Structures are given as structure tokens and as C-alpha cells.
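> Sequence:
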Amino acid sequence: MVRKRLVVSLLWRNGVIVQSVSFRHTNVVGDPKVAIEFFNAWDADEIVLLDVTRDAGRPERFLAMLHHVSKHCFLPLTAGGWIADVERAQLLLENGADKVVVNTRGFDEPPFLGELADKFGAQCVVASIDVRGQDRETWQVAVDRGRRPTGVDPVSAARRAAEHGAGEILLTSIDQDGSLKGYDLDLVRTVADAVDIPVIAFGGVGDWRHLKDGIDAGADAVAAGNIFHFTEQSTRAAKTYLIDAGAPVRPR
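Quick note: the sequence shown uses the working numbering, first residue 351, plus one each step.
Please keep in mind that the hints were generated in silico from the structure rather than gathered at the bench.
Note that the coordinates shown come from a computational prediction; the quantities given were computed from them, not determined experimentally.
Take these hints with a grain of salt, some might be off.
Straight-line alpha carbon distances no greater than 25 angstroms define the calculated SDA-like cross-link-like pairs of lysine to any residue that follow [stated by the list, open to error]: (1) Lys562 - Ala587; (2) Lys421 - Val378; (3) Lys469 - Gly517.
Construct all of the structure, not just a fragment, from the sequences and the given hints.
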């Protein structure tokens with residue numbers, strides 16, 4: 351049986367971890383180095399670390415942080431943000447990332463995903479697909495940190511990403527992001543059914559049952575961010591809940 355993964359998503363902005371609500375970055379949570387230490391000690395299966403700084407002016411700060419935390423992180427580490435060329439992806443991998451997350455250029459120029467897959471392997475390339483809208487009639491992919499609607503439906507975007515070499519999809523509902531109401535399960539189910547590569551569900555977790563709902567909807571991995579930013583809401587508790595609920599997750 352293929353085990354489902356529990357993923358922690360951390361948003362890095364100007365040196366600190368922040369929370370997100372509908373892609374607006376609100377509260378400062380703390381130091382990424384401290385966060386990594388917590389998740390090492392708990393029961394996550396993977397960490398996704400995204401640079402959500404509003405400009406690409408000082409990428410070396412994110413790279414320095416990534417290099418540091420990778421030395422202390424014993425979990426698979428995926429990193430993304432501002433990947434517009436192969437060189438940027440290579441720098442992330444050289445500084446400790448196991449995989450890279452690509453959003454805007456991967457959507458605007460799908461062959462770019464193939465370039466990355468040819469150089470680093472498809473297993474290293476995660477296509478990030480951010481979706482606005484709350485039903486099939488209104489869903490559309492948005493890029494540039496959710497600010498530019500494209501008019502393209504998420505199924506078409508996911509199939510195109512897979513065809514061009516992405517090995518995985520990080521699927522985020524912008525409307526659900528930070529809502530604590532759970533994933534857009536219809537979105538997760540629809541995209542997961544449409545592609546043969548793993549889909550990570552993200553956006554909206556406020557209760558452990560939402561993780562189980564995502565798995566039941568077909569996600570290969572379930573990700574959350576805001577709910578894990580307080581030690582009493584640990585990934586250990588989330589993993590225990592999933593195991594007790596009969597979800598096919600990796601054991602603690």
C-alpha cells in the first residue's frame with residue numbers, strides 16, 4: 351500500500367515565518383530555524399518551505415536560511431519561490447532542498463517544467479497550482495502569488511504540468527487558505543482523478559479531520575500550515591489522529 355504523507359508548509363517572508371489568509375500574509379509566527387526543530391521532533395513526513403517575499407531583490411537571504419535549516423532538518427525538504435530559471439532551482443537544491451516548487455513560470459511556459467525534469471529528475475519538480483473560485487463553474491488558476499487570474503481551469507493546468515514533466519502537484523485553494531474550514535474537497539478530488547502524478551492538498555485545514563477528508567478525496571499528501579504554528583497543535587497529534595481514523599499514513 352502506498353502511504354499518504356503529512357506535510358508541513360512554512361511561508362518565509364523577510365526572515366520570518368508568517369501565516370496566510372487568502373494569500374494575504376498576516377501574523378508573524380517566528381523563526382524558521384525554531385520551526386524546523388519542532389517539526390523534526392514531531393511526526394511530519396515532509397516540509398515545504400516557500401519564499402513569499404514580495405520581491406526577488408535578495409534571494410541570498412532565503413538561500414542562506416535554507417542552507418542552515420537543511421543541516422538540521424531530518425525530513426525531506428521542498429523549497430520554492432521566485433524560481434524563474436534553471437539556475438535558481440539548482441541553487442535551492444545545492445543549498446539543501448530535495449525538491450523545488452515552481453509556480454508562475456511553470457504555468458506561463460510549461461516546457462520550463464520539462465527543462466527542470468530533464469536536469470534534476472521529475473521527482474524533484476513540484477508544480478504549484480493556486481486556484482480561485484469555490485466551484486467548478488468559477489475555478490481558475492491564478493499566478494504571480496495569486497494576483498493574476500488566468501482563466502484556465504485547474505484540471506487543464508494539472509494535466510499540462512504532468513505532460514511537461516512535473517512529478518507532483520501542490521494544489522492550493524486560495525479561497526480556503528487560512529479559513530480553517532477544510533480543503534476544497536471537490537477541487538482535490540477533481541484534480542487527483544485527472545492526473546497520474548501525486549497531488550498534495552493544501553489550504554484550509556483547521557481540524558485534524560480535514561486531513562483525513564483530503565486523503566479520502568484522493569490526495570496523495572495532505573499539507574497544512576497555520577494549524578501547526580502552535581506547539582499544542584503538533585504534527586504528532588495530527589499523525590495519531592490519522593492512524594486512529596484508519597488513514598493509510600506512514601507510521602509514527
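> Checking one constraint from the list: CA of Lys562 to CA of Ala587, max 25 angstroms. Satisfied?
Holds. Lys562 to Ala587 sits at ~13 angstroms (cutoff 25 angstroms).
> Does the structure keep Lys469 and Gly517 at a Cα separation of 25 angstroms or less?
holds (13 angstroms)
> Are Lys421 and Val378 close enough, with their CA atoms no more than 25 angstroms apart?
holds (24 angstroms)
The structure is consistent with each of the numbered hints, conforming to all of them.
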